[in-house]
Every structure is written in structure tokens, then in C-alpha cells.
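Engineer: Mind docking chain B on chain A? Use the hints.
First to last, the protein sequences are chains A and B. Okay, so the first sequence: first residue is 1 according to the working numbering, each after it adds one. Okay, so the second sequence: first residue is 1 according to the working numbering, each after it adds one.
Hints may contain errors.
Unchecked claim - Covered stretches of chain A, as calculated for chain B (at least 3 residues, CB under 8 Å):
(1) 44-54
(2) 70-80
(3) 83-93
(4) 340-351
Stated by the list, open to error - In the DSS-like style, the derived pairs of lysine-lysine whose C-alpha atoms are separated by at most 30 Å in a straight line are:
(5) B/42 to A/334
(6) A/333 to B/104
(7) A/139 to B/28
Just so you know, the hints here were simulated from the structure itself, not pulled from any lab data. Every residue, glycine too, gets a C-beta built ideally from N, C-alpha and C.
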Amino acid sequence: MKTIILALIMTCTSAQQLPTDWYTEDGNEKNNANLSELALYMDKILSVQKDVLIQSHKDIQKDLGEWKFAGQKTDLAVSKSGLFGFSAVKGTSAIELSWSKIDTNKSEEPNASVVELNSEMNESDVLATVRPFYKVLLKNNRENEFAHNSRNFEDHVLRYHRALKQVSKLNDTQYVADKFQLDMSVSYSSPLFGLTRLSGDTRMRLEWKIIPSSLKSDNDDQEVVRKILEDVSIALENATPKEGYKLKKISIGLGLSKKNLLSFTKIKGDIAGSLFLKKTKAKLNVESDFGDEDYQWLNEEENKFLPLFKRSKFRKGIKKSFEMTNWFSKQFKKQQSLWEIGKFKTSYTISYSGFFGLANTSSNSSVSFEFSK
Amino acid sequence: MKNSIVLMAGLLSMPLIQANGIIVIGNKSNGEEIVYETKAEKVTKALIEANFLNKELALEVLEKNSSQSSWKLSQFTIGLGVEGEAGIGPWNLGLAIKQRLVFKR
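In isolation and in its complexed conformation, chain A is listed as follows:
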């Protein structure tokens, strides 16, 4: 009886279920048996989105004057048990999709809220640049809150700035550190345009252009950044995006440890940054003496390092994530319509033990790939 019921559950849920090694942070089982069913389910999800665009397009375009309806963005999510579906507003996205008309110009989207910095600026210039922006964000704070929050904000910004200043120049890697983004969010009761019910948070994005230092640091402050550049270069050496998409961005989530360095911590809370990598034309030098030291997880509460995960696992995880992203691109390519997915981003999380999986509702993303046509 039990077997019959379990079989029934398996039959009913399999179409919405991801392979176990795609979502379980601690899982290392290979189970790709239901990929064909997942592809059918994926097709249904994409058909819904396409139908919505086709049916809404004329109505939305009406009365817009000089404006044009250019497309829609949707998100997909993964549950803790591996179910896959549409993402709700309060939820962690695993995949972000940007739909656009096939014939539209897919120029880079402007982002007006970015505050631009670079890693060579002096600290007073950094503060002078960010102050006007965070004052707007904190304008609803009471006087004592404002003093506390602005001190906390400036302390974080300067700590990140000092850490980014130390990123060393590496000659042997195919990927180099390009920029660092720090998103700040503050609960804000008076959002732009008065659309309170659509968005309760206001965000500010700080973006540092990284100018690698040619001075080799004597300490281990940039250990994690160096390891990431080496590992991503090795893991993606032969990786090629498929189905007409190109790899546009790779980002890795990094936090700050108490020792004032960029650290591969499990990122929680509002202040967390992403290191963006850029591919260079350099070929990977196989004779390079890349290290084999493992990564460390920092337990902030106890202020001590937890057991390590292996760099070999990290490299394997990056490679596997890239292949999973390619699987999704294949499903996106199948859709035939005037509307297409011009751009998408997949987000992955890493467990303490070093396994990779698509970000789910209980995790924050640590590694992201952005593909576009």
C-alpha cells in the first residue's frame, strides 16, 4: 500500500521536481532521470509567459504615447524540496528571465541608481561621493537613528573600499576582478512615484571599478579573491555557452570578515556584495603554480573558521552550474514566437561543505551567471 502511495506521489510531483543534485546543498547524488519531464514542465511555464505577452501586448501598448512596451521580466524559484515554479514577490529567485521582442534593440539597460566609485579613490572622495545618496535613503530616520545608521553605513563602505584596494593583479588567470557591487536596502515609507504597495524597499547600489594593484600584498587579505580567479579560470577553461546565448557576467557573493578582508562567508543580512569577473583574452597558463589550499568558512558569531571545503569541489561546482545554465538556455531557445528570452540569470548557492545547487527559498545566491543573446 505504502509503495503504491509513494509511487503515486512520485508520479504526480516529478514534472515539477528538479534533479536532486541541482538543488540540495548537501546532495551529491546524480539523478538526472527526470530531465525530460522537467523540460516538458519548463515548456509549460514558458508558454504561460509567452501567452501573457502575446495577449497583453496590444492593450498595454495603447495610449502610451512616445513610450513603447519593451518586454517583461519574470522570476522562477526552487522550493526547499526541489519543486520548481514561478517566484512570488517575497521569495528568492533561482532564475530571472528578461523577455523582449525579437526585433527590438537589446542595448544594455541603464541603471540610474548606481553610485560609481573606483578602488583607487582616496577615502574622503569615496565618502563625499556616497554621502548625498545615503542621506536620501535615510531621510526618514529620527535624529539618533540617522547618526547611528550613517556611522554604520560609512564604516561598511570604507571597509569594503580598503579591501578592494588590495586586490592584486594576476597574470596567469583567464578571469580577472572587474567590479564590485554593494546593494544597500533601507525600509522606506515614501517610495518614488508613490507606488508604496508595489515596493516597500528602496535600494542603492554602490559600484566599484576594480583597478588591480600591481604591488603584491604581503598578507593574506586577498587570498579568497585570488583563489576565486584561479578556480573560475580552471573550471570554465573549456566551457562554452550554447543555443545562441553568450556569457555576459559572472558574479560571486562576498562579505567582510572581522579582519577587514573580502571573505567567502555565507552571506546574510542586508549588506552583501558581489564580485564581478571579466574574461580576458589571456590563455590559461597550465604551468602556473595555482595553489591547492582549501576555502574557509568564517563563523561570525563565534569568530572562528569552520572546517574547510575543497577547492576541487568548488571548481567542480562552478563547472556543473555552468552546464545547468546551458540546460536552461536550451529550453529557452525552443520557444518559437515574436517574443524571446533575450537575457537570463541563474543563481546558485554553495553549502558549507562545498556543494552547489540552484538558490532556493532558504538560501542566498553565491554564484550567478548572466547569459544574453
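Structural biologist: Only chain B this time, still in chain A's reference frame:
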């Protein structure tokens, strides 16, 4: 046999995930996960309604922006899910699908 009955009762008390359904996944305000299944036709209808409401809001915003601001807006994105009539799922769960419309000049 007793175990089977308990298992069957448990199965009937949980929402049945059907092969033809679309899953919506989100969090309650306390962070607890919500998984809800609905029909593809229902999702399509709700998103079209959400697009209509978002378009009405977008028109207001674009009009305000054109007349009051000295900055020329080149792109505008609206809607992070519309709660209420156009949301998906039981209202007490607050499940509204994340969806944004993009407008360009």
C-alpha cells in the same frame, strides 16, 4: 495497514501536486516557505489582469514624470507582483507572482 491509513490521511490533508499544475513558490513575512499549485490557465489570466493594472499605474507615473521632472527617463520598469484581485493563490498566503513590465522611449 495502520501505517498506510495514516499515510493516506496525511496525503489527503496536504495540497495535491498535480501533473498539469503550475507551482508558485514564495515566503511568508516570517520567512516560512509557501508552495502553492494552480492551473496554468489561472496563472495566465491573473498575469494578464496584473498587466492591465500595472499599465494603468505606469501611465500615471509616465505622465507625472514627463510634466514634473527635468530628467529624461529612458526606461521604466513597473510591478513587482500585484496583490489582491490579480494575485495568485489564496489571499491569506499573499502569493503574488514576481513580474515586471519594461517600457522604453
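Engineer: Now tell me, hint by hint, if it's right for this structure.
Structural biologist: Hints versus structure:
1. Proximity of the region 44-54 of chain A to chain B, defined as three or more residues with a beta carbon under 8 Å from a beta carbon of that chain, is established by the 7 residues found.
2. Beta-carbon proximity to chain B at under 8 Å applies to 10 residues in the region 70-80 of chain A; the threshold of 3 is reached and the given coverage holds.
3. Residues of the region 83-93 of chain A with a Cβ under 8 Å from some Cβ of chain B number 11, which satisfies the need for three, so the listed coverage holds.
4. Counting residues of the region 340-351 of chain A whose CB lies closer than 8 Å to any CB of chain B gives 0, which falls below the minimum of 3, so the coverage claim is violated.
5. At most 30 Å may separate the alpha-carbon atoms for a hinted pair to count; residue 42 of chain B and residue 334 of chain A meet this at roughly 24 Å.
6. Distance check on the hinted pair: residue 333 of chain A and residue 104 of chain B sit about 25 Å apart at the alpha-carbon level, within 30 Å; holds.
7. Between residue 139 of chain A and residue 28 of chain B the CA atoms are separated by roughly 29 Å; this keeps the pair inside 30 Å, and the hint holds.
Hint check: a violation occurs at hint 4 only; the rest are consistent with the structure.
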